[in-house]
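Those protein sequence lines, which keep their order, are chains L and R. The first sequence: position 86 = 110 (my numbering), numbered continuously. The second sequence: position 285 = 307 (my numbering), numbered continuously.
A couple of the hints might just be wrong.
[As the list claims (entries may be wrong)] Ranges of calculated distance between the beta carbons of each label pair, as one might list FRET restraints: (1) Gly107/L - Lys162/R: 43 to 49 Å; (2) Gly107/L - Val142/R: 42 to 48 Å; (3) Pro252/R - Ile110/L: 37 to 43 Å; (4) Ile110/L - Asp159/R: 46 to 52 Å; (5) Ala146/R - Gln56/L: 52 to 58 Å; (6) Ile127/R - Glu102/L: 50 to 56 Å.
[Said to hold, decoys possible] Think about it this way: if two alpha-carbon atoms lie no more than 20 Å apart in a straight line, the pair counts; the simulated SDA-like pairs of lysine to any residue are: (7) Lys76/L - Gly295/R; (8) Lys187/R - Gly295/R; (9) Lys44/R - Gln117/L; (10) Lys44/R - Glu45/L.
Think of the hints as simulated: they come from the structure by calculation, not from any bench. Idealized CB from N, CA, C, for every residue including glycine.
One letter stands for each residue in the lines below.
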Amino acid sequence: MTAQAIDRATFEALKETTGAEFALELVETFLQEAPPMLNELRDALAAKDADKFRRTAHSLKSNSNTFGALTLGAMARELELGGIAIVIESGGQPLEALAQEYSRVRAALTELQHE
Amino acid sequence: MSELRRDLRGGQARLLVVDDNKVNRLLLTRSLELQGHAVASAENGRVALEMLQRESFDLLLLDMEMPEMDGFQVLERLINDRQLRDLPVIVTSSLEGIANVVRCIELGAEDYLSKPVNPVLLKARIGACLEKKHLRDQQKELMRRFATPEVAQDLQDSGFWLGGKLVHASVMFSDIRGFTSLAESQSPEETIELLNTYYALMFDAISGHGGVVTVMMGDGLMSVFGAPMPLPDHAESAVRAAQEMVELIDLFNVDRQAAEKPPIKIGIGIASGEMVAGYTGTNQRATYTCIGDTVNLAARLEAHTKVAQRAILIDQATRSALSERITVEPLGLVPFKGKAAAVDVFSVDSGQKR
């Protein structure tokens, strides 16, 4: 994956419409909320809870897109639409890829916070 | 201080944002505040409904996917709630699929915006929604002022259509005896003041017993018990209302006598039976009323109170429906204009001899 973790245009637009200070606070909220969401996906997978899985993937997708984390958003969307079955079949690999992409996003967002 | 705050808020609309996702909730709240609205938020449908019971809002922005109670369940609750049915809802969701959009609209949502919500689009949709709500509120306020609460509710529930339905009910006519000469002997201002007090007292007694005033004409009132909402013991309710009306006028006369004004007397006629109740007029101007023989008879009975020198007169059908606690005196058969056969008339003890 060579695409930027964060699409700058989307992020700048967010800052412009909500105010820079608010946007950075919102980043902070996302960085707090995202790890529990990744955990919830893992829990849902272990419990084979399809509904919870889809719902959490859905939330992660919409939050990712808010900050311009387009790759992360697209991956979460695939999980939401593909459902839990595909992830079970492939032994949970898509979740690991998702967690890796999140690390990239976190690093990029943290950098943006200190700009 | 709180008064001042309310003044400052003035035309500001109160919005409720419902979303289980904290980022989404904060973001939407922020956008709406930047657009000049007062915004509260809830993290799921259950909390939102609790807030809606406590406070009033102008618009609801509702996410669909939520734990505990999702957006569809909220829409279902709202549509079945008389108080909240008219609250406009904009669904904000990233749910995929046209079927979900259709389902929301069918459940009464005004609009459906996909997330992430475009702020310009959001602003336009909210503006349109609030404008519609404002017009609806104005309409309701007008209806509240010019129709009785029962008629207003009936209109809201079943909509307006010219035409009636057959109902079983009791009709009451009442007026002030010798009102014309009374009006001539005093200033117009005094007459209006007298009428306003009289109306306030009569409305109180009538609606207190489940009746609805359908016509006000000069000093005359027509009211119906049992329509538009059915009333199980409409005859007894009407008679009890009549007794209370006479009682209230007696009390009012004590005040008038103290002010050295002549006492007023009222006459009341009640008849029960089938009648056609509904909206009559044109599509531009209509009124809720009742029509039929029963209605005519009630009017004749009221006119007859002057002849019989009694305050309350009722027909046989009303009398038959009364409990034994109400004392009734038969006055015999009376021939009425427009009635082929003479009618049995009864006088009700007005309760004046307390």
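Do the hints match the structure? See the list:
Evaluation of the 43 to 49 Å hint for Gly107/L and Lys162/R yields a pass: the beta carbon distance comes to about 46 Å. The hint said 42 to 48 Å for the Cβ distance between Gly107/L and Val142/R, and at roughly 34 Å that hint is violated. Checked against the hint of 37 to 43 Å, the pair Pro252/R and Ile110/L fails, with Cβ atoms roughly 59 Å apart. The hinted range of 46 to 52 Å is satisfied by Ile110/L and Asp159/R, whose Cβ atoms lie roughly 50 Å apart.
Remark: the range hint 52 to 58 Å for Ala146/R to Gln56/L is contradicted by a beta-carbon distance near 33 Å. For the hinted restraint 50 to 56 Å between Ile127/R and Glu102/L, the CB-CB distance of approximately 28 Å leaves it violated. With a C-alpha separation of about 61 Å, the suggested pairing of Lys76/L with Gly295/R is violated against the 20 Å cut-off. For the hint pairing Lys187/R with Gly295/R, the CA-to-CA distance comes to about 14 Å; that is within 20 Å, so the pair holds.
With a C-alpha separation of about 28 Å, the suggested pairing of Lys44/R with Gln117/L is violated against the 20 Å cut-off. About 17 Å separates the Cα atoms of Lys44/R and Glu45/L, which keeps this hinted pair within 20 Å; it holds.
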